[in-house]
Amino acid sequence: MSVIVELSLFPMDKGQSVSRYVAKAVGRIRASGLSCQLTPMGTCIEGEWGEVLAVVDACFRELAADSDRVYLTMKADWRRGRSGGLAAKPESVERALAARGGE
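Just so it is clear: in the sequence shown, position 44 is 44 by UniProt numbering, and no numbers are missing.
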């Protein structure tokens, strides 16, 4: 079951700048070996359902260890038989844009 999850996770009790805490979570994601892509508003992770959820759980626990309140949003797109969707999905949109003359 290949899934792409977009995860946004940060502590709510650490002031305005939380990048060092977000970096802890992103470090966990990268250490997992799963395909991932950091974006300005979250991180996308691709892999098998159980593996991805285990990484999400590890990220949550990493931040919860140092915080009294953690905010987390997660979106998931599962597709049977898909692989490489993290790159293929944006490429598909870019091809469609190119076909329309870049509109």
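Some clues are possibly wrong.
Only pairs whose alpha carbons sit at most 30 Å apart, straight line, appear in this in silico BS3-like list of lysine-lysine [said to hold, decoys possible]:
id, residue 1, residue 2
1, Lys89, Lys14
2, Lys89, Lys75
3, Lys75, Lys24
4, Lys14, Lys75
5, Lys14, Lys24
I should point out that these hints are in silico values taken from the structure, not numbers from a laboratory.
Now for the hints, and whether the structure bears them out:
1. About 35 Å separates the Cα atoms of Lys89 and Lys14, which puts this hinted pair outside 30 Å; it is violated.
2. Taking the CA atoms of Lys89 and Lys75, the gap is near 15 Å; set against the 30 Å cutoff, the hint holds.
3. Proximity of Lys75 to Lys24 is assessed by CA-CA distance (about 20 Å); at most 30 Å being required, the pair is judged to hold.
4. Only pairs whose Cα atoms come within 30 Å are accepted, and Lys14 paired with Lys75 is accepted, the gap being roughly 24 Å.
5. Between Lys14 and Lys24, the direct Cα distance comes to roughly 14 Å. Compliance with the 30 Å bound is thereby established for this hinted pair.
Comparing the model with each earlier hint shows a violation of hint 1 alone; every other hint is respected.
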